[in-house]
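Given chain A, work out where chains B, C and D should sit, using these hints.
There are 4 protein chains.
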Amino acid sequence: MDRNIQVSRLDRQAVEDQEVEIVERKGIGHPDSICDGVAESVSRALSQLYLDRVGKVLHYNTDETQLVAGRAAPAFGGGEVVEPVYILIVGRATKEYDGEQLPVDSTALAAARDYLAEAIPELEYGTDVVVDVKLGEGSGDLQDVFGEETQEVPMANDTSFGVGHAPLTETETIVREAERALNTTYHDDHPELGPDVKIMGKREGDRIDITVAAAMVDAYVDGLDEYDDAVASVREYVDDLAREYTDREVNVDVNTADDYDEGSVYLTVTGTSAEQGDDGSVGRGNRANGLITPNRPMSMEATSGKNPVNHIGKIYNLLSTRVAESVTEEVDGIRDLQVRLLSQIGRPIDEPHVADAQIVTEDGVTLSDIEADVVDIVDRELADVTDVTRSVIEGDVSTF
Amino acid sequence: MDRNIQVSRLDRQAVEDQEVEIVERKGIGHPDSICDGVAESVSRALSQLYLDRVGKVLHYNTDETQLVAGRAAPAFGGGEVVEPVYILIVGRATKEYDGEQLPVDSTALAAARDYLAEAIPELEYGTDVVVDVKLGEGSGDLQDVFGEETQEVPMANDTSFGVGHAPLTETETIVREAERALNTTYHDDHPELGPDVKIMGKREGDRIDITVAAAMVDAYVDGLDEYDDAVASVREYVDDLAREYTDREVNVDVNTADDYDEGSVYLTVTGTSAEQGDDGSVGRGNRANGLITPNRPMSMEATSGKNPVNHIGKIYNLLSTRVAESVTEEVDGIRDLQVRLLSQIGRPIDEPHVADAQIVTEDGVTLSDIEADVVDIVDRELADVTDVTRSVIEGDVSTF
Amino acid sequence: MDRNIQVSRLDRQAVEDQEVEIVERKGIGHPDSICDGVAESVSRALSQLYLDRVGKVLHYNTDETQLVAGRAAPAFGGGEVVEPVYILIVGRATKEYDGEQLPVDSTALAAARDYLAEAIPELEYGTDVVVDVKLGEGSGDLQDVFGEETQEVPMANDTSFGVGHAPLTETETIVREAERALNTTYHDDHPELGPDVKIMGKREGDRIDITVAAAMVDAYVDGLDEYDDAVASVREYVDDLAREYTDREVNVDVNTADDYDEGSVYLTVTGTSAEQGDDGSVGRGNRANGLITPNRPMSMEATSGKNPVNHIGKIYNLLSTRVAESVTEEVDGIRDLQVRLLSQIGRPIDEPHVADAQIVTEDGVTLSDIEADVVDIVDRELADVTDVTRSVIEGDVSTF
Amino acid sequence: MDRNIQVSRLDRQAVEDQEVEIVERKGIGHPDSICDGVAESVSRALSQLYLDRVGKVLHYNTDETQLVAGRAAPAFGGGEVVEPVYILIVGRATKEYDGEQLPVDSTALAAARDYLAEAIPELEYGTDVVVDVKLGEGSGDLQDVFGEETQEVPMANDTSFGVGHAPLTETETIVREAERALNTTYHDDHPELGPDVKIMGKREGDRIDITVAAAMVDAYVDGLDEYDDAVASVREYVDDLAREYTDREVNVDVNTADDYDEGSVYLTVTGTSAEQGDDGSVGRGNRANGLITPNRPMSMEATSGKNPVNHIGKIYNLLSTRVAESVTEEVDGIRDLQVRLLSQIGRPIDEPHVADAQIVTEDGVTLSDIEADVVDIVDRELADVTDVTRSVIEGDVSTF
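Protein chains in written order, with this note's numbering: chain A, 653 to 1052; chain B, 653 to 1052; chain C, 653 to 1052; chain D, 653 to 1052.
Derived by calculation from the structure, the hints in this document are not laboratory data. Some hints could be false.
The calculated lysine-lysine pairs, modelled on BS3-like cross-linking and capped at a C-alpha distance of 30 angstroms, are [claimed, not checked]: (1) B:K786 / C:K747; (2) A:K786 / A:K747; (3) C:K747 / A:K708; (4) A:K786 / B:K786; (5) D:K747 / D:K708; (6) D:K786 / A:K747; (7) B:K747 / D:K747; (8) D:K786 / D:K708; (9) B:K786 / B:K708.
Isolated chain A, as found in the complex:
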């Protein structure tokens, strides 16, 4: 089998060595991330529904959730939402199979409800947020695609490409880990921190500036002093966390747009800016690896919500990241690695038009030292492409 795997030198410096680096992550409570999360949870639920009912995943695509912001009146000690957030789940799904009606709309709504309850617990479903659904019928001839009986690798549904890279730079690592830690460990002890945490990292030479915008939840903050403490606590936590990942100079700012004299602070009822004026869409925020990285090539494809069986844009973005991670874990001497997978419509997805690993080696390592190992790993991961689908359906992999 010819997988057309190519290994070459990456014709630029490793991002870690570039003079200026910018990295961003929109936390799970950001309006764009909410859309990504809803779309992906709807997708997972539909895959599961199809597997349960008919033993294979039928045609669907739900990568277009739209969020229209609400209005809120936050207040220390507890305010209220006055106009609900509106979320419209958009896409296509197969609604009937072999004469049986499949509850795709209800399943989509239930998935959105469960996801929101988990991700934005302060946002009450049905009153603070109204979720509606418009799922058209999929085309009849695209319907049978994945299942236990099917042993074959699906064909690519499009000409598309995915790009992944590894290892993460220090700045990338800090931005990603800070958001994750804030929204899990830190939040457990600090309910005043809402899930809409947006982190921007900028590195100039050896100085890293981390800017955090953190929505505070009013019910847990009794006044400006408490608010100020909450902000300081986040700053300190992120500062400590950053130092675990770098020896460079680190500076952390939190909620810099606050103006205490004007009483203008980042206080919310629900922990997300979607409650007041910030709309959101799928695919407008983090890329498949959880980051926005202007220093690196990125795919425009929305990964969240797409059918994980045959939507090649989704699969190749996730797979190229996985390939890059595997290579850098298993092969020494790589300072920066970029993997691109380009599909060709109609070809099996384990046979990309081109699979292209571009490498910046560590000093003292040449490409020829490692080329064979890299090719082997890329080949192995491509052969295992359907495992990406499986992981997505089981929710083992994040798409934003």
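Relative to chain A, chains B, C and D alone:
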């Protein structure tokens, strides 16, 4: 004070004595009744919100809820909703007062959710039914209307009329009480009976035919035999109940459109036909006294959802019914009574343009025997008109 | 064939002879009438679509259009709509037949657009008014119902009743004809008069009060003086018209709620109150004969938008009116006539459960003089029941 | 004034010299481009409305239009749309200023209608496509932003960055010009070509493959032979056009997914795949320069629909492209240029945090030869930053 109260002979036979009588009641789970119930609960919640926040009821009107039916796949033992019911709450409300934002949208949604949970418990909010809200701003000059400080009687907002009657005929009583009993006492022991119970009563001479259409809930019915038992049980229950109210011949039919051979029975997932194909609107079903009575004059006004402070169509429909009931309770010798209240825009609502009591007396009683008593009672009830508003806000009176 | 036609004395005075009479008509531009008109034009268009494509009318029902009011800023000389009116067409329709997709949504939208352009020409489609559509699928087993090949009379789809009456009283005639003339002849010369004309007639003894609420269109009215002239002109026109139909005392009021000192007048951008705060629904306004007549029994059934082939509530309301008109045209000596048709589910619609003509005769005429003639006419009209369907589809009969 | 302009060597090969290059352009009829176009035309219309009414642009943002695909039944000679496309315009806008209501909703709808009529003429507004609008109120304190009286440069509303590059490679040029020519000159003579033209260019070494997906409009194509001719004609046209821009080997494919034997061809009723199954959103397609260029850094920011006065993400993406173009036009010896502008929230937008020009020089040219000229041009363009705003409002610049 001149209330222009007129008492006259009703120039027809008492309905009880007419040859043919038709009466209908749509139960609380009927799509039209769902809309009435949602609209009225939203109205109550907004009145309460305004009283709580600003001490008086501000301008609003929510008498236009629209229900778009869903799709369901019922099955013995438990089926599922495949496309949710869609309910759109429509109306006007004051969203800001004295610089304070008032959460009218969220309040409306919460009221709808709570009402639906109570009335149609099998219909899961947010997945089996999606509720959305479009409340426009009310006009600024209509905003201050009712409150504790206000001692004055409001002015009529329109030229409109209300009509009430009493006492209920036997057929009317049976139709109304049967639905109520089925949806309370009977349902407590028989969860298989859904709230969408529609009862039609027809009397020809001394024979009363009661036709019941009763939505059964599939999760509580394991097969056709059980279904048949459930139908028989409803028939027997209504038959027994009817005999408490009449000595006439009674015949009860339940779910006559069923066709067991075809497997076509009235089985639902949620207990309402709104789940499959039956749309609904406010004001299309029961009148303010809970019945549809083609033998009697009826108002076209939707009562549910209207502002109970100054919406004269609502107030006069409820008040005329209350007046008719009081008169027949307190004055002997009345076989049939019809009360009409006609407002004049801009006049205090306790001074109707005309308040008109038309009476069929019992044999041996003349109008002049009772006229003075009737006038007194009508006058007293008119004087107490704001108590109707209070009862509505407190939920003590049903509007459909 | 047994049509069970019964003729009896109507046990009350003719409405013309009652002391107090109330009649109302909501003009074609009233929000409720807009909904009726849209629903009925959608219904006609669907019937026509089905006849064109498959030679017979398939299952559909579109009697639930909902209008949510917009916001407008009228101004002498020409203001503007600031928030569009929103109209949601709701119902069921058969979307596929014999493998062919039928464009029911697009057809419904086109029908609504064309109707609105005709009825409310100042309301610009797509910007002043947004029309959306939610048509669910009809049930499969209800689909074949009417067509050229079908020689048979359809079966009633429900137990329902219709009621009609004739002749119209003077007050009824004035109310109906005034609205019609204002919206046609008068409007042709007076573009400042919008289609939202609401007329209330009240007769006490021999005095008739006609109250007209007439929306003026701001682009054709340059100031308060012109407005005042426009109001006076309507008053004079209706006054003249009324005198053609009665010798009783007539008093006409137009736009009585105006307050010139406050600058509060009934000025609109589009000629309908739907532009600012007045919502609307199907079936909440005029009955099938174009009037709201509290002195007479009325059906609660919405006539507009229903399938005219087998929806018995629609057919019997239209047919009972037609029967009443035919009888009073052809038979002398009838002062008031009320026709009731009661269906029985599953029976052919030309064989009602009961067809009941109740008559108040002129002085000197007895029921037995005319009974045979009446029965003949009722029988003839029932035999021709499918002509009602045909007239509705061809748009020859108004439903509101 | 310190603009912090930095010029440096771009640490990679010019894209023109890289081994593999991928470029894509979604034509104006692609569902994502439709959203971009609607959002941007709404934005322009709102800017113009504010300037006309209050002399300055008030706060708004309309970068979230969502398109839900319809259903169509295309057929040679002319098919039909059966379910309309649904477009929801989402965003914030200032609806009232100094007591005056501003018709933002109606203006947005009119702009969308006019844009669609121009861009997708076969898609009939109001029947083939339903457009609705949800514009929330903007925050009060963000409202005064741009106008004739304002001499000052606005402050950045966010920390964001823009990236532009020049000159275009041959492949980029071909992809962009082919779509433009097909949708203008070619379309004028070939109405059968719909506006949904998607072009993918791939260059490997000196071979350029251009893949065109071109939606044909059924009304202008009578059968498969004509269709085949239409496809061949597009292929030939693009082939000729490509050769104007390159001496490399060129290969053009059109509608490669067609299967004539199966009768599966790219035939549409309206010329866009939005009619059948393809949803769309703002910001998911072309970047600000009209291309998707995975070989180059791209901004994730949606440019279309954003307020052009102070939304720095929009301004800097457009400006960085303009700067890059000016520099390469005026300065010789540049093989590839990448300009990045990074804003700092709260600073004047003509004083970026960093303005960074990275250059690959032609052989024989050194950075120091041209550095001073480059700095001058960047400085001049930054000084003229508000001209970007003006151009956007006047529609002189494309955003997608």
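Hint by hint, here is what the structure shows:
1. Distance hint between K786 of chain B and K747 of chain C is fulfilled; the C-alpha atoms sit about 29 angstroms from each other, no more than 30 angstroms.
2. With a CA separation close to 12 angstroms, the supplied pair K786 of chain A and K747 of chain A stays within the 30 angstroms bound.
3. Our distance criterion of 30 angstroms between C-alpha atoms is met by K747 of chain C and K708 of chain A, whose separation comes to about 28 angstroms.
4. Note on K786 of chain A and K786 of chain B: the hinted pairing holds, with a Cα-Cα distance of about 19 angstroms set against a maximum of 30 angstroms.
5. A distance of roughly 14 angstroms separates the Cα atoms of K747 of chain D and K708 of chain D; the hinted pair therefore holds under the 30 angstroms criterion.
6. For the hint linking K786 of chain D to K747 of chain A, the alpha-carbon distance of about 29 angstroms falls within 30 angstroms, and the restraint holds.
7. Straight-line distance between C-alpha atoms of K747 of chain B and K747 of chain D comes to about 15 angstroms, which keeps the hinted pair within the 30 angstroms bound.
8. Restraint check: the Cα-Cα separation between K786 of chain D and K708 of chain D comes to about 23 angstroms, which is no more than 30 angstroms; the hinted pair holds.
9. Distance restraint check for K786 of chain B and K708 of chain B: the Cα-Cα separation of roughly 23 angstroms lies within the 30 angstroms cut-off, and the hinted pair is therefore satisfied.
Taken one by one, the earlier hints all hold for this structure without exception.
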